[in-house]
Every structure is written in C-alpha cells, then in structure tokens.
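Student: Residue strings, one per chain:
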Amino acid sequence: MSAKKLPRFASPGYRKKLIAVCLAIACALVAVGLYAWQSQPVPEAGASVTTAEGKSRQEIQDELDAIVRDNMMTISVAPVAQLQEGGKLRVNVQNVQDNKFPQRFRVIQNDETIYESGIVETGKTVETCPAGDIEEGEAYIEIQALDTKTHDNHGNPTRVKVRVEQAEN
Amino acid sequence: MDITRNMNGARALVVGAGLALALAMGAAPTPAMAAGRVGTTKVMVRTEIDNVNFKVPTVIPFVAKADGTLQGPSEDATTIDNLSAYGIHVTNMKIDAMNTWTIAADAKTGSAQNSIDFKVGPDGALQDASAATQGTGIDLSKNATFDMGYQGIAGGSDKIKLKTSGNVARVTRDIFHITGEGDQVATITWTVEPGAHATA
Numbered sequence: 001m002s003a004k005k006l007p008r009f010a011s012p013g014y015r016k017k018l019i020a021v022c023l024a025i026a027c028a029l030v031a032v033g034l035y036a037w038q039s040q041p042v043p044e045a046g047a048s049v050t051t052a053e054g055k056s057r058q059e060i061q062d063e064l065d066a067i068v069r070d071n072m073m074t075i076s077v078a079p080v081a082q083l084q085e086g087g088k089l090r091v092n093v094q095n096v097q098d099n100k101f102p103q104r105f106r107v108i109q110n111d112e113t114i115y116e117s118g119i120v121e122t123g124k125t126v127e128t129c130p131a132g133d134i135e136e137g138e139a140y141i142e143i144q145a146l147d148t149k150t151h152d153n154h155g156n157p158t159r160v161k162v163r164v165e166q167a168e169n
Numbered sequence: 170m171d172i173t174r175n176m177n178g179a180r181a182l183v184v185g186a187g188l189a190l191a192l193a194m195g196a197a198p199t200p201a202m203a204a205g206r207v208g209t210t211k212v213m214v215r216t217e218i219d220n221v222n223f224k225v226p227t228v229i230p231f232v233a234k235a236d237g238t239l240q241g242p243s244e245d246a247t248t249i250d251n252l253s254a255y256g257i258h259v260t261n262m263k264i265d266a267m268n269t270w271t272i273a274a275d276a277k278t279g280s281a282q283n284s285i286d287f288k289v290g291p292d293g294a295l296q297d298a299s300a301a302t303q304g305t306g307i308d309l310s311k312n313a314t315f316d317m318g319y320q321g322i323a324g325g326s327d328k329i330k331l332k333t334s335g336n337v338a339r340v341t342r343d344i345f346h347i348t349g350e351g352d353q354v355a356t357i358t359w360t361v362e363p364g365a366h367a368t369a
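So the protein lines, in turn, are chains A and B.
Going by this note's numbering, the first residue of the first sequence is number 1, and it counts up by one from there.
Going by this note's numbering, the first residue of the second sequence is number 170, and it counts up by one from there.
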C-alpha cells in the first residue's frame, strides 16, 4: 500500500516557505512605514518663519495650527520649593506621561543658575535636587523641552516663579 | 537628581491643589456650658499646594507672504491652559532674537536685513516683541488679561488665547526653500506664577 501523496500547498516545506515569505513582506511594510514616519518634517524651535507658496490661507492656517498643537507641553512643578535637610531642595518637577518631549530644567535665583538637571524623560519626576546656595525667597524653575532624538533644545522655555521656603519639621 | 520615579500619567496631569480642612472641634457641650459658659469651635482651612500645572505652546510658527505680512497660527490653537485647581497668571514675556534676525518695532522702516516685527498676546493686549527683547522683558504681573482661572472655570477663562501678527522685510535668509521646519527667528520665554495679577 503506498502512502497518498499530499497536495503541494499542504506539504510542511511549502508551508514554511509561505510563512517566511509572509514574514518578509510584513517586515518590509513595517520598514517602509517607519521611514515614512521618520521623514515627517520636524518643526523648528521657538518662533519660526517660512513661506508657503501655492497654498490657500485656510490650508496654511490648518498647517500652522497643527504644528502648534503637536508642540504643546505640560509644565508641572511645585510652586513652593522646600529647603530640606541634607542640602536638598524639593522642586517636584514632573514631565507628565502625555508630553511628547524630554525636559531639562534649571533652578534660577538672582539670575544665577543654582542647579541644572539632566534629561527628564516623559513620565518621570525629579522630586528633589541639590539646594546649593539657594536662599529663602523668590526663585524660578525654567523648563526646556528637548528634541526626542538629539536632546537639543526644542522650542521656547517656560519659567515658573516659585517661593523657596524652609521645610517644616 | 536625587529621586526619579514613575508617575501615573493621567493622574499627573491634574495634580492641582490639595485642600486640607481641619476642624478643631471643642468639647461637647457640658451641663456647665449649657448653664452659661461660652464654648468656641474653630474652623480652619489652608491650602497644601502641590504642583502647579499648565500647558504651553513650545512653538509659534509664522508663514511670510510675498508682501512681507506674517500669518500665524489661530488663537484657538495657540493657548496657555491652566490645569490647576487655582488661578495662575503670566508675569513676564522675554524674547531673544535668533539666527541673525533683527526684531524691530517696525520691520519696514530702517535698513537692517532680515528684519521682523511681531506681536503676541491675548486679544486687545498684544505685546510687542521688540519691547520684549529689552532688558528683562515685558512685565505682565499687573496685566489682568494674562490671568487664568482655575481649570474648568465657567466661561473658558482657564486659558489665554494668543493672537499673533507681524511683518518681515529685507529678507536675505533662504526662507523659501525651508519647508516644514521654518527658520527660527526668536525664542519666547514665558514666566508663569500661581495666583492672579498684582493689584498694587
């Protein structure tokens, strides 16, 4: 009795080849998608100017509005910076999860930078930083958005006026 | 940095102010009090302010028309939004020119190349960029139009809408061939403080 020959498309070897081809196509599609995504123009930082020949006023307006909306950023800091034991200053700088940009911040008093942070990724909080020579009174926490890839400054910085106080024991 | 921890994103957006209500209750009335002694009950409240939260535009792009007029984003898109449970206000606007641009009071006068003038601010209170380049910038601490009420306040006053206008003149920089990126002309630094504008 001879074994019945399987159809070609049902043979194990053919199935493996078919799966491999499908995976290759899927990988190619993902690669093309990533390229297209990375090729999107990145808006320049701060206030910028360009020309837009051949577009209607409404088309230009829609593009400008989209750029602004894509570059909004939430700032979240403690309005009262507490001087704590051990030379720490509680600033509680939060780069909220919904933000699109990493942040860097500076603590400024009397036009002098008391502390400059490293990169604060989205979803992270810096609760305290070294107090340095900061004194009770008025100070500023300046938040700067960073480019997600290069970590260069991106766009306008924002300052929050805070009050430095000794923490209650 | 000393402490870095993960944060619940949705919750982190609206931390706002915590309100601690402390009731220092006096002793229950005794027969002696009922007979004429006065008992007092202190009701105290204080804020335990956690983070101040607000949203700002990091980029304000302009498009230059052939006649030099600038078209900016709409005021509905260009907003500073208060996300806190108490009011905040903008106290200062400082502008620094970038990339050899000259920020002038009127770009069309004078002789400087790559000259630009622009204004930004709430309707009726647009601030001149040229003035904001001087010294420490424009003091807005007493300007009520830069106040933002608590998040969700009736009438939509928990945000300020920023209008823009301006002109360029004698442009030698190649802004025509710059596509979506634009040519950076300035950096605007907003300073924000909890509370309303100063009245004194």
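Calculated from the structure, these hints are not laboratory results.
Be aware that one or more of the hints could be misleading.
[What the hints assert, rightly or not] Each pair of labels, with its calculated beta carbon distance range:
(1) B/Lys234 with A/Gly132: 27 to 33 Å
(2) A/Leu23 with B/Arg342: 34 to 40 Å
(3) A/Ile19 with B/Gly325: 31 to 37 Å
(4) A/Thr113 with B/Arg342: 53 to 59 Å
(5) A/Gly137 with B/Thr278: 22 to 28 Å
(6) A/Gln166 with B/Ala367: 53 to 59 Å
(7) B/Lys234 with A/Glu85: 43 to 49 Å
(8) B/Asp245 with A/Gln166: 42 to 48 Å
(9) B/Asn268 with A/Glu59: 22 to 28 Å
(10) A/Asn110 with B/Thr269: 46 to 52 Å
Note that the structure is predicted; figures quoted are calculated from it, not measured.
Beta carbons are placed, not taken as given, at the ideal position from N, Cα and C, and that holds for glycine.
Student: Checking against the hints above, which ones are violated?
Tutor: Going through the list in order, the structure violates hints 1, 2, 3, 4, 5, 6, 7, 10 and respects the others.
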